[in-house]
Each structure stands twice: as C-alpha cells, then as structure tokens.
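Enquirer: The residues making up each chain are set out below.
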Amino acid sequence: MNRRPWVLGGIAGGVFVFLYAPIAWLAVVSFNDSRSLSRITGFSIRWYAELFDDSRVLESLGLTLRLAVTSAVVSTVIGTLAAFGLRRAFPGRGLWTVLLSLPLVVPEVVLGVALLGFCVKLAGIPLGFGALLAAHVAFSLSFVVVVVRARVAGVDHRLEEAAADLGAGPWVAFRTVTLPLVAPAVAAGAAFAFLLSFDDVVTSSYLTGVGSTTLPVFVYAQAGKRGVSPEIVALSTLMVAVSAALLVAGVMLASRRARASTFVESIRDQ
Amino acid sequence: MLPSRRRWLVATGLLAPTGLWLGIFLIAPLALVVQFSFATRDTGVARAVLPWTTQAYLTALDPAFLPIFGRTLAYAGATTGLCLLLGFPLAWFIARHGGKYRTVLLAAVLVPFWSSYLARIYAWKALLDGEGLVNRLLGLIGLDRDGGFLLTDGAVVLGLTYGFLPFMVLPLYVACERFDHRLVEASYDLGHGRVSTFVKVVLPGVLPGVLAGSLLVLVPAAGDFVTPRLLGGVDQSTFGSVIDDQFRGGNNWPLGSAMAVLLLVLVVVVLVLRGRRGEDVL
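So the sequences go chain by chain: A and B.
What the first sequence shows, in the numbering used here, is residues 1 to 270, in sequence order.
What the second sequence shows, in the numbering used here, is residues 1 to 282, in sequence order.
So here's chain B without its partners, still in its complex pose (with noise of 0.2 Å):
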C-alpha cells in the first residue's frame, strides 16, 4: 500500500468517532432546521409538515422584524467593538509585560468566564440596579440616574461584553505573543509615529487575532437572548430571543427554522468576508 494512502487511512480513522459524532448531532440537525424552515406550520404535535413553502422566509424578511435584526446588529457589533477596545490593551500588556507570569495572568482572565454565565448575570442586575453599587458610586460625583442603568440598552451591551470578552482575549493574545517586536523599533527608526506605527505595523500583523476573536465574539453575542432578557427592557427582542419564542411551546417552527437559517447565513458571511487570515490563530 502507499505511503499517503495509508496515512490517510490512519488519519481518517482517528478522526472517524469525531467526524460521527459531529455528523449525526451537529449536521444532520442543521440540515433538518434548513427542511423546516421550507415546510408548513402545524399547531399540532407535527410542528412542521408538507406542504413546502417558503412563507417562513416571507415572515421572517417581513419589514416588521426589520427593528428587530437591525437591535441584535446593533448589540452585537457594540459587544464586540467594546471587546476589541478592553481586551487588545489586556492581551498585549500580558504578551508583552507579563513576563513568567504570563500563564497566571491569562488564567486569571479565564477564571470568571469558568464561573456560571448566570451568577455573572445576576450579579451584574444587582450592581445596575437602582439602588446597586454602580449607581450609588455613581451618584458620589453626581452621575447617578434614576432607577438605576438595568433595563437599558447600554445595560445589555456591558452583560455581553462581560461574558463574551475572554474569546476575543484568547485569540489576540496569541497573535500579539506572536508579533515581532522589533517591528515597532524598526518602524521608529524609520520615523513613523506613535499612531502611525500602530495602524501601519501593530494592527496588520496581529489582524489575525482581531479577526479571530471578533467572531467569536460578534456570533455568540448575535445569538443570545437570555443575557437581553435579563438585562434589557421592555422592548429587547432580538434574533435569539424571536428563534428562541417560535421553539418554545412549538409557536412557529418553521419561522424560527428561517430566522435559524438567517443567523447561520449570516455567520457564513463573516467567515468568508474574513477568508484564510484568521485561520491559524483560532
């Protein structure tokens, strides 16, 4: 037998229990998420049934829910803009000062993201509360307000930034450990700037982490609803929270098959519009 062939035999069987496991769990549902959302309501226990339709897609594209996709952009793409904005200082401090302690300093940005996603939330609804502990800080030099900052847009956005943060650190940690310092000096020797340097020589060589990071960020934060509902106010439905209604009781499953397909369609965007660059850092 040849050589390559049976390395690819070997590899492909090690990977087989794997590539199983992901067909049979992860695959096979998406595909039949794709089915129902081209299928009819039934309010009965069928759910989903022929005949095929695509008037799932009508509702879910309907002009209505234009507020709704253009809220869950809107938190989305703040989360990670905010992201990028607390976590490329952290990530380049400890890549570049950390010094033996780096593994600590890492681990313990991890520390609270292994802490129960809940409790985080919970706690962030104390402290924004009315009477919480930001408020009254707050109103030490006069800012405070009213009832408090729960139930506000802003609000949202800090729960997602807290719990989505560590997957942006991770990845712009490894490519700023990467990233050739001498670069820099060399841009100064040159006579770039401070400011010049960073966007010319900093931000393209650790672009990969940024893109990598942004969408672990950016996907998570577009899916989830139960940090919106949480912390939200009256009118926050998002893209997960409208999935998550038509599933729930068996509302709509075809529309919330389509808006499943949407959000999918639009992670397969990313990944394209971000192309190779980001590959070998996630």
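Here chain A stands alone, though its shape is the one from the complex (with noise of 0.2 Å):
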C-alpha cells in the first residue's frame, strides 16, 4: 500500500488543487477591469479603491475586528482554564466533555435562532456587540479546549515536580515551567478562536442590531440584493490575505516555539 506513494500522492494534489483553485480565482477576478467574475479583460485596482470608499464597510470592518479580538480573548482565557480543569480524572469530568463537545454538533442556524429568541425574549440583551460575543465565544470554547487539551496531557509533569522539588511555589512553577510548555496551544487555540468569529455568517446574522452589522453579514446582504459585486470580491480577497497571512503567522510562531523548546530539551538531556 505504502509502496506506491505517487497514486496517493496524486490523489493528495488533486484534493489541494481543489482547494486552493477558487481562493486563486478569487485574487485573480479581484484585478478584473470588468464587473464580470468570469471574464477576464484586464488589469486594474479600480474595486480596492472602490471598497476602501465605502465608509459602511470600513465601520463593519472595525466592528468585526473589535468583536473577534473580544472573542479570541475571552475563549483563550476561559478556555485555557477549563482544559487545565479537564487535566487530571476526578468525579464529573465525563459529563463536562459532552458538555463541551455539544457546540462542535449543535447545527450554527439552531444556535442562531436560539440566542434570538433567548436575547429578545427572555434576558433583554440588545442585539448587537453583546449578542455577539456570547454566540462567538459559545461556538469558539470547544475549539480552544480541545487544542489546549492535547498539550496539556502532553505535559511531562516531572519537569513541574522537578520545578517543587528545586524549591519553586505552584504559581511559579506554573508560570515558569507549565505556562511556556503549553503556549504554542494557547496561541493555536486564540488564532481558531480569532478566526472562528471573524468569519462568521449564519450564527451572527439573526443577532446584529441597527447599525452594528458584521462584515460577513454584510457582505451576504449586499450579494442577496445585487449579486456579487466585484469591490464584494475585492474585499473577499483581503479577508483570505489576512486569513492566510495569520495562520501563516500562526504556524511559524508555533514551529519557532516547538524548534525553541526542542533546543531545551536538548540541552536539558546533555
């Protein structure tokens, strides 16, 4: 099976082109003279210039970042928590998992329509920055534990015993020995957080208020209305570059850290 890498790995192309062929679309349409998103005619700026014109997208732009930095904060702490909860067996940890595993399976239309009803009809939240937030980090949590999680049981603890027994106190134990052993997850876990909500269409659209309309929102309205317009594309390319770029950002911090912690091991193993 393993003999004959090149038919698998043909395979694995295949399903790359797949994915990357709209997002190289998409950039290459985002350049068109023309309104057309499949005729090509030729090279210009003009839809960047267009978007960053309109001060409706720019406001639901800084909406949108203020909401997912918001959300990224608040998921990586609690979150950051509870896989530290969730480390060591005690009486209740398998009902906490079910618990949170549901967002990962709870369909994001059912929890949409749910925290309307919830907000406008039992607690009196307006709609807005706040319902936001709590749909965000609600559907964002499970993603931070789970990636949290994994490090943390990867966590040799006889680096922390060896911390206590060279006369470190738990705190600084933690803050010196866990904390630095577990960052890479905690920054993995912030960036799908972050990206999680700064995507966001079907959830956040039963729960903007007047005047305070996400960007994926409100590109969804503006296509339901008129078609895609070209600034729509032009935008959509800068959300991949953005997306793209932070992930990049994100893996190379991440490998940094691995190749860092590596070196200690390295050096600890002499």
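Quick caveat, the hints were computed from the structure, so don't treat them as lab data.
Glycine included, every Cβ here is placed at the ideal spot set by N, Cα and C.
A few chain B residues that face chain A, going by a derived Cβ cut-off under 7 Å, partial list only: (1) 14; (2) 18; (3) 22; (4) 26; (5) 33; (6) 116; (7) 117; (8) 120; (9) 124; (10) 260; (11) 263.
With a straight-line cut-off of 20 Å between C-alpha atoms, the simulated SDA-like cross-links for lysine to any residue are: (12) 100/B / 252/A; (13) 121/A / 38/B; (14) 121/A / 34/B; (15) 121/A / 24/B; (16) 121/A / 21/B; (17) 200/B / 84/B; (18) 121/A / 49/B; (19) 100/B / 9/A; (20) 121/A / 31/B; (21) 121/A / 51/B; (22) 121/A / 248/B; (23) 200/B / 187/B; (24) 121/A / 23/B; (25) 121/A / 35/B.
With the hints as a guide, bring the two chains together.
Expert: Printed below as a string of structure tokens:
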C-alpha cells in the first residue's frame, strides 16, 4: 500500500488543487477591469479603491475586528482554564466533556435562532455587540479547549515536580514551567477563536443590531440584493489574505517555539 | 479535606467560567427553543405565546415537508461520503508519507478553511457559471453544459464538500497517525490481499476518525442554508433554510423551533449511534 505513494500523492495533490482553485480565482478576478466574475478583460485596482471609499464597509470591518479580538481573548482565557480543569480525572469529568463537545455538533442555524430568542424574549440583551460576543465565545470555546487540552495532556509532570523540588512554589512552577510548554497551543487556540469569529455568517446574521453589522453578514446581505459585486470580491480577497497571513504567522510562531523547546530539551538531555 | 474532594473542587473551579458561559448562552437558549416549539404562534411582537400545543410538530411533520427533509439528508449524506472519499487518501498520505513536512501539509489544508466562507462560495459561483472556468475547461473535452453547473444539486454538494472537508481531514489524520502500520505488513504476510487488508485491518483501525469526521461534517452540512441558497436551483429549501425562514422576520417561531428541535434530535441520534468509539479523536 505504501509502496506506491505516488498514486496516493496524486490524489492528495488533486485535493489540494480542489482546495486552492477558488481562492486563486478570487485573487485573479479582484484585479479584473470589468464587473464580470468569469471573463477577464484587463488589469485594474479600481475595485480595491472603491472598497476603501465605502464607509459602511470600513465601519463593519472595525466592529468585526473588535468583536473577533474580544471573543478570542475571552474564549482563550476561560477555555485554557477549562483545559487545565480537565487535566486529571475527577467525578463528573465525562459530563463536562459532553458539555464541551456540544457546541461542535449544534448546527449554527439552531444556535443562532436559539440565542435570538434568548436575547429578545428572555434576557433582554439588545442585539449587537453583546449578543454577538455571547454567541462567538460559545462556539469558539470548544475549539480552544480541544487544542489546549491535547497539549496539556502532553506536559511531562516530572518537569513540574522537578521545579517543586528545586523550591518553586505552585504559582512559580506554573508560570515558569507549565505555561511556556502549553503556550503554543494557547496561541493556536486564540488564532482559531479569532478566525472563527472573524468569518462567521450564519449565527451572526440573527444577532446583528441596527448599525452594528459584522463584515461577513454585510457581504451576505449585499450579495443577496444585487448579486456579487467586484468590490465584494476584492474585499473577499483581502479577507483571504488576512486569514492566510494570520495562519502562516501562527504556524511560524508555533514551529519557532517548538524548535526553541527542542533546543531546551537537547540541553537538558546533555 | 480528602485529596479527591480537593481535586474535584479545583477542577470544578477551573471549569466554572466555561460552564457558566455555555450554561447561559447555549443550554438556556436551547431549552428556550424547546419551550417555543410547544407554544402557539403569535404574529405580533410576542412571536410565541401560551397555550401550549403540539401544533408546530404536526405542521413540521406534515408530508408537505417530506421532500425538504429528504433533500437535506441527501445533501448532507452525499457531502459526508464525498468528504470521506477525498479526505481519507489525503489524511493517509500526510500521516504516512508527509515526513517532516506533515505539519506544513496539514496547515496547508487549513489555510483555505480559514479564508472567508462567503468568499469561497462566491468563487465557486463564478467558476461553475456558464461562462466560468470549469465549464470552459470541460468544453475542451466536450463535456460542457449549457448554462454551466450552477443551480444544480451537484453544485450544492460540491460547495458543501469544499466548506466542510477540513472537519473530515483533521480527525482522520489523527486516526491515521495513530494507526500502527505494522498491522498492514502482518496482514500481507498472513496472505490477505489489498482489498481485504483495507476492509479488515485499516478500516477498523481508523474507524474512530471516520466516525468523528463524519459527525463533524454531517451536522453542519444538514444545518447549512447559505450554500444551498447561493449554489442551488430554484427549489433548494433545506432544513436550515426552512428554520431560517420561520425566524427571519418573525414568520413562525414555534414552527421554526420545532424544526430546530427535530434537527437536534437527529444530532443526538447520530451521537448515540456513534457511541463512545469516536470520542478519543474528537
């Protein structure tokens, strides 16, 4: 089976083409001269220029960024605490695991309408930033916990015991030994949470208030009214570029940290 | 204080903020949806009022909605199958042959995933259009189609597969990486061929990943309404879009709630069927 990896490799390559083709097309069309999305007529950056003249787009971009950062901070902090809480067995851990996997399997449309009903009828939370934050943290938390928990499980507790033997109190041991070891996973969890929030359409579309529309919801509404405009393609290309840049930065950060920790380990082993 | 009790207190304390957040902003709203589903429709601002009734469920289970349920399950099922077909070779390749580039290859699968969901759907719209690249390329070998492939069931399944493929690849990758490849050698040595080795050795070995991935694709694919709306034809109502119609503009909250509850019941059924086997991968 593994004696002919080029067959498998070919299939894998094909899947990568499938994954990247539409993104490449978006980037090409965003520099197109005409309004058509399927016929290339010439090079132009006019759609980018028009995009940055549109104050409504810039306003919703600002809201989206503020929301994504807040959601990432909140879900990373409380999700990391939860991941540490699940580290050792205790009565009720199974139930917590079920609760934490729930947001992964509740369809977005159900979460959206449920929170809409909750905010409007029960809690009296005005639609807008607060309601959006409640939803975004709710569906980001599970991802943070899954990512951080895997790393926490891999921490060698003998390192922490060694720190304690060398006179470090629990807090110092945690800050100087445990936290640096799990930091890459915490960073990855934060990046996940940021991008989940930054890109959400379905759930957010129920919870935006007057004058507080997130960018993806704005794009969806615009496209529904007059089809896909080239400014939206330019905007989408920018969003792809930002998302990809953040991910690449995250991967580089994680691998540099990993290299640093391998370096530390190699010194320790000597 | 007993050590076990102390450990319980510490763990519960650490989990409390998450528990509170999910309790207030996930469990309570879902409970409210269950309550709405038994309420009476109100066309005013109240949306759903007493008396309690099962009318919404009777409407939701009306045979008129049957084609919509069928279409939703067909879309979600086909998407899950296609994700498995594409995702398994990819996950196996990265896990077995990725070498030191494994992390990079896996990240490369995720880059498009983190790009804007709407951007990807619009790109497919342009590519599948009558004048789009796909149709013109197929035209070179005489397989093009008048008007392109937009507004077909195939386009919807393609869009859903594209959107949810990484959810399949990640758990499959974890399962493939954990799979002990010496079992395959042993199976060959014992005289099994390729097919029977795959069916009897590889498949049971990666089953947790298959189950976890299928769940993570099936559920969001069944609830999605944006993809069918943008890529599908005239009659592309799905479970998700019917729920959406009932809530957007306050059309009929009890009916929308009843359908949301039915969708949640479907999720629970799948979870129970899966049992505990997929848990260690998710």
